[in-house]
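> Dock chain H against chain P, hints included.
Sequence lines, in order, name chains P and H.
So the first sequence is residues -16 to 280, counted in the numbering used here.
So the second sequence is residues -16 to 280, counted in the numbering used here.
Heads up, some of the hints might be wrong.
The list that follows gives simulated cross-link-like pairs (lysine-lysine, DSS-like), each with its CA atoms no further than 27 Å apart [as the list claims (entries may be wrong)]:
#1 P/Lys100 to P/Lys148
#2 H/Lys184 to H/Lys118
#3 P/Lys122 to P/Lys(-14)
#4 H/Lys(-14) to P/Lys79
#5 H/Lys88 to H/Lys61
#6 P/Lys79 to H/Lys79
#7 H/Lys(-14) to P/Lys(-14)
#8 H/Lys100 to H/Lys118
#9 P/Lys148 to P/Lys118
#10 H/Lys133 to H/Lys118
#11 P/Lys132 to P/Lys148
#12 P/Lys(-14) to H/Lys79
If you're looking for bench data, these hints aren't it; they were derived computationally from the structure.
There are 2 protein chains.
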Amino acid sequence: MSKLVECVPNFSESRPEVVKEILQAIESVDGVRLLDHSSDDSHNRTVVTLVGEPVSAKTAVFRAVETAARVIDMEHHKGEHPRMGATDVVPFIPIKDITMDECVKLARELGQEIGEKLSIPVYLYEEAAVCPERKSLAKVRQGQYEGLKKTITLPERKPDFGPSKIHPTAGATAVGARPPLVAYNINLGTSDVGIAKAIAKSIRGSNGGYPSIKALGVLIEESNTAQVTINVCNYKEVSLARVFETVRREAQRYGVNVVGSEIVGLVPAEALFDVATFFLQLEGFERGQVLESRLHE
Amino acid sequence: MSKLVECVPNFSESRPEVVKEILQAIESVDGVRLLDHSSDDSHNRTVVTLVGEPVSAKTAVFRAVETAARVIDMEHHKGEHPRMGATDVVPFIPIKDITMDECVKLARELGQEIGEKLSIPVYLYEEAAVCPERKSLAKVRQGQYEGLKKTITLPERKPDFGPSKIHPTAGATAVGARPPLVAYNINLGTSDVGIAKAIAKSIRGSNGGYPSIKALGVLIEESNTAQVTINVCNYKEVSLARVFETVRREAQRYGVNVVGSEIVGLVPAEALFDVATFFLQLEGFERGQVLESRLHE
Chain P
-16 MSKLVECVPN
-6 FSESRPEVVK
4 EILQAIESVD
14 GVRLLDHSSD
24 DSHNRTVVTL
34 VGEPVSAKTA
44 VFRAVETAAR
54 VIDMEHHKGE
64 HPRMGATDVV
74 PFIPIKDITM
84 DECVKLAREL
94 GQEIGEKLSI
104 PVYLYEEAAV
114 CPERKSLAKV
124 RQGQYEGLKK
134 TITLPERKPD
144 FGPSKIHPTA
154 GATAVGARPP
164 LVAYNINLGT
174 SDVGIAKAIA
184 KSIRGSNGGY
194 PSIKALGVLI
204 EESNTAQVTI
214 NVCNYKEVSL
224 ARVFETVRRE
234 AQRYGVNVVG
244 SEIVGLVPAE
254 ALFDVATFFL
264 QLEGFERGQV
274 LESRLHE
Chain H
-16 MSKLVECVPN
-6 FSESRPEVVK
4 EILQAIESVD
14 GVRLLDHSSD
24 DSHNRTVVTL
34 VGEPVSAKTA
44 VFRAVETAAR
54 VIDMEHHKGE
64 HPRMGATDVV
74 PFIPIKDITM
84 DECVKLAREL
94 GQEIGEKLSI
104 PVYLYEEAAV
114 CPERKSLAKV
124 RQGQYEGLKK
134 TITLPERKPD
144 FGPSKIHPTA
154 GATAVGARPP
164 LVAYNINLGT
174 SDVGIAKAIA
184 KSIRGSNGGY
194 PSIKALGVLI
204 EESNTAQVTI
214 NVCNYKEVSL
224 ARVFETVRRE
234 AQRYGVNVVG
244 SEIVGLVPAE
254 ALFDVATFFL
264 QLEGFERGQV
274 LESRLHE
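Next comes chain P alone, as it looks inside the complex (with noise of 0.2 Å):
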């Protein structure tokens, strides 16, 4: 029964021998296991998925955090994707018998193990922000590296921890905690783009639907069919199976069905529970009725 967080750090930096000293650095601690990790190279970037007993994630985060300030150079840095830092950010995540508000003292303890111990400013974002400003991590990492620099010794951008200075080769790091996050792509039986793109604004927060919803049209152009892809940021606020639902229903009213879905990268146990309740109107469901819970405990 012991607690699990589960953390994404993202890098800035995807030359494999780079990546490999990053790697060894997380696993060279007792109690942390790496799920996954993949790299881009046009966005120049590393995500790298581990799950662990919050301490020892803590403290292979900071290895990790640490190795990336030797092995990476902000100032020499290119890539797509936005960055402000060679450990850009630092997500915490509840996955077992660990509540949101133990991930975010979590998060600000490694905030400021970073800010002291390594000089590098930290931002606390999502859930972990101190300020509202600071939930959205597009508005912390604006202006990215180059822009920082200067900016960060404005008083609305000193960090939370650490110099109000950039550091010069990690640049600068936001780190958080929030819920887990499943990539789910809904298929419509219809190759108009135009469709997709009008599902996707009326289930999105910012146009006024599940505010921990994101969602843009696209058309997948080897299956010629329009997609709706969307990120369920938070699967207890809304389900999977209540995306679904509203993803058809708004389809139905262009006479489109929903041709198949697909979940992309990992998704917890529990969201696709979720989904079988609803679906079956399940009645006194426990979490501890399930067979492999029962052998894990």
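Using the frame of chain P, we list chain H on its own:
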């Protein structure tokens, strides 16, 4: 990535002090986990659920059978539930990284050991049966302990292992292999139990419905609700989603809605993932995408 098998042995005894000795025999084996046990006094019977690595599970069950033969005397057993032995029935169930064929092999090995070392007659049933007539547990158990005492010498009742003579205290034991069973009830928006009975008849194998489905229509008195109470004996063959949708459609024919459903006891995670996959019309979904499955690899 260790293989995991589940075993649900049934013992003809409900008194706690006797059950305790049997549970201790199981728990004396490393690599085995006791998940659940429940005793019913009117049945005078105890159902135990354990999981473990195959060899450990087999060893644990053998010790339990040995103990049951010592602490239970079938000559003095009374109970409502049909039974023929101290250890009445032992089904092995594949859980993780193990095939049904491996479970059949395990059942036959255990059967042989019980027959030879303990001189208890053993019948192989369900997937482990060596002839079609013994697939059905009800047929294997025909006549129960008292009847089998005489009929066991008939050629058609010759045990698969052990002597053609009932064990004086332990009776006879059925050992087999089967898929995980899900106990699943669907509640209807009516108090007319006739509708539940008609729907049960339409889906159960014994009346031309799904071969792996057993179902009855009952009235839940406390809520005055008609219920279709179902054993889903092979959720890979007929998913909970298909059972639900079939019952829902049959109920519509009477102008009745499904008002809810419930899973009784344990359910494999996969059975619920299959439900989510069906209703979300998921394409290309793999079990490895479930975060928790990565954690326990």
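> The structure should be examined with respect to each hint, and the outcome stated for every one.
Verification of the hints:
no.	hint	verdict
1	P/Lys100 to P/Lys148	holds (15 Å)
2	H/Lys184 to H/Lys118	holds (22 Å)
3	P/Lys122 to P/Lys(-14)	violated (31 Å)
4	H/Lys(-14) to P/Lys79	holds (24 Å)
5	H/Lys88 to H/Lys61	violated (33 Å)
6	P/Lys79 to H/Lys79	holds (22 Å)
7	H/Lys(-14) to P/Lys(-14)	holds (25 Å)
8	H/Lys100 to H/Lys118	holds (24 Å)
9	P/Lys148 to P/Lys118	holds (21 Å)
10	H/Lys133 to H/Lys118	holds (22 Å)
11	P/Lys132 to P/Lys148	holds (7 Å)
12	P/Lys(-14) to H/Lys79	holds (24 Å)
The structure shown violates the earlier hints numbered 3, 5.
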